[in-house]
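**Student:** Residues per chain are reported as follows:
Protein chains: 2
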Amino acid sequence: MVGVDVGGTNTVFGIVDARGNIIATDKVKTAAYETAEEYADAVCAGIQKLIDANGGSEKVKGVGIGAPNGNYYNGTIEFAPNLRWKGVIPLAALFEERLHIPSVLTNDANAAAIGEMTYGAARGMKNFIMITLGTGVGSGIVINGQLVYGCDGFAGELGHVIVRENGRVCGCGRHGCLEAYCSATGVARTAREFLTSRAEPSLLRNIPSEEITSKDVYDAAIQGDKIACEIFDYTGTILGEALANFIAFSSPEAIILFGGLAHAGDLIFKPVQKAIDANILNIFKGKAKLLPSELKDSDAAVLGASALGWEIKEPVE
Amino acid sequence: MVGVDVGGTNTVFGIVDARGNIIATDKVKTAAYETAEEYADAVCAGIQKLIDANGGSEKVKGVGIGAPNGNYYNGTIEFAPNLRWKGVIPLAALFEERLHIPSVLTNDANAAAIGEMTYGAARGMKNFIMITLGTGVGSGIVINGQLVYGCDGFAGELGHVIVRENGRVCGCGRHGCLEAYCSATGVARTAREFLTSRAEPSLLRNIPSEEITSKDVYDAAIQGDKIACEIFDYTGTILGEALANFIAFSSPEAIILFGGLAHAGDLIFKPVQKAIDANILNIFKGKAKLLPSELKDSDAAVLGASALGWEIKEPVE
Chain A
10 MVGVDVGGTN TVFGIVDARG NIIATDKVKT AAYETAEEYA DAVCAGIQKL IDANGGSEKV
70 KGVGIGAPNG NYYNGTIEFA PNLRWKGVIP LAALFEERLH IPSVLTNDAN AAAIGEMTYG
130 AARGMKNFIM ITLGTGVGSG IVINGQLVYG CDGFAGELGH VIVRENGRVC GCGRHGCLEA
190 YCSATGVART AREFLTSRAE PSLLRNIPSE EITSKDVYDA AIQGDKIACE IFDYTGTILG
250 EALANFIAFS SPEAIILFGG LAHAGDLIFK PVQKAIDANI LNIFKGKAKL LPSELKDSDA
310 AVLGASALGW EIKEPVE
Chain B
10 MVGVDVGGTN TVFGIVDARG NIIATDKVKT AAYETAEEYA DAVCAGIQKL IDANGGSEKV
70 KGVGIGAPNG NYYNGTIEFA PNLRWKGVIP LAALFEERLH IPSVLTNDAN AAAIGEMTYG
130 AARGMKNFIM ITLGTGVGSG IVINGQLVYG CDGFAGELGH VIVRENGRVC GCGRHGCLEA
190 YCSATGVART AREFLTSRAE PSLLRNIPSE EITSKDVYDA AIQGDKIACE IFDYTGTILG
250 EALANFIAFS SPEAIILFGG LAHAGDLIFK PVQKAIDANI LNIFKGKAKL LPSELKDSDA
310 AVLGASALGW EIKEPVE
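Read top to bottom, the protein sequences are chains A and B.
If you want the working numbering, it's the position in the first sequence, counting the first as 1, plus 9.
If you want the working numbering, it's the position in the second sequence, counting the first as 1, plus 9.
Incorrect hints may have been included.
One copy or two, it doesn't matter: identical chains are merged, so the pair holds either way.
Said to hold, decoys possible - In silico DSS-like pairs for lysine-lysine, Cα to Cα no more than 25 Å straight-line:
1) 58 x 68
2) 95 x 296
3) 283 x 224
4) 36 x 305
5) 296 x 279
6) 95 x 294
Hints listed in this document are in silico derivations from the structure and should not be mistaken for laboratory results.
All values derive from a computational prediction rather than experimental measurement.
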């Protein structure tokens, strides 16, 4: 199986065996290609090279692609703000034309959820929610063992559930989205707010305000910095409140946290769990486990995309 | 097929043909029976009488039961606050013992969703959300053509999504649930709040405050009463904001409103639609239709429960 992770900067692709071992990988610069066709030429040439060096096309059953704003139903990338090519890009079709291998595409958070279900913490689970905490907040929802795509292929945008009335402006143009608080950039915004509104000393005051990242907040928090710890509490509380609502929707067996912030361990997991417990409806108490992803960040995108390939049952329409 | 609607006051049951025509119905007083066994005796005797009068047991493929706090996986009613029998009641098993017909049970909102999918506004839809606006707010969620039950059988409690931080106390003991605002009792609470906090004249001031019902608010609103119309606007706005968030979860083809409040027509549909449009993420704009149920209230519960019977594929485990 081939997995392709389309990122704003790099596109990483690799060959993955049935046990989830990455056999070989390579990458190209996503932004270096003016048209989607030239980009597809370059990525597919790279993939073909890997395939030829590792047993040939007969052994490759499918290509799975994870991409921002990816639409599973059409195999298209639609209006992705962080990519150069505008409008609707039929990327799965462009790959199939070049590789003559069935190709499927979904958004990156869905790919991560499939990776987790196939190789990670959600193995054997039929109902779980994957929350990806990165530059943005994404989600992949699995119900009855199936990814939820909805009527249009775009279901599972939990980063854009509004959690605060008239709250922070979000990149989507609305106010109060979960993403505006619980993404890496949301954490940095919280840091700037807290440093302005409070007088206590903080290690974070040594960094120019506009340059503070979520990593800086983490570094300060593990040194016991009070404001940094409160930033994690604040972030985790908002996330936990939102998760308690999501549980009322699909009553999942587990919620899996993935991405940068999820590596903060207890700093984030404790306030999230506390807020879930404080806000959850009685009948759901203690049911959904809160788990960290078991996929390595560096591998997860390619693994997840490749796992999508296992979903190929018939030629993509 | 037999449909059974277990209500706090009455239990209505009926025989339904494959086209959704109710052939015969009868009812018993739910609260008149001290034990669940005696209750099952009475209901099943009534069902057997209908069956015998309408072609005999061979023609009946299954019994579908809609009940508050119903758990599809176990066929049990679990800790229903409005029923006499406490704890976990294995109602489907009690019915099977007596009728020797496969019996399945789910909560009333899920039964309504199945009824809508089989006979109503959701025919042919694979992804929709049914919202039941009654004394409480319930929901049935259909994804990929399947009811969402989650890991425990209780998924789809959208009436208990928290929509207002530190909001109204809800019957569930928490604060700010959708149900505390958008149920019939929620509308009556809003009326009492508005009448206290505003000075304008209103037809509702002719009714003792504690006796105002959502029906009174409706009657006043269709006569153009300003406060009554504002109560509907307020209710619809909160519901529409919540629905915009639900759409980000499962991107449904339609959201179907069912029950008392849904009969208020434009009074409720207009503010709901307006709030959806104002709060929805761009990619979902204009996709999910907002529809009234096409099932008659008086028939819906029995029809929905009977339609559940069509889901029986193998003996209930």
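**Student:** Under the constraints set out in the numbered hints, which ones does this structure not fulfil?
**Tutor:** none
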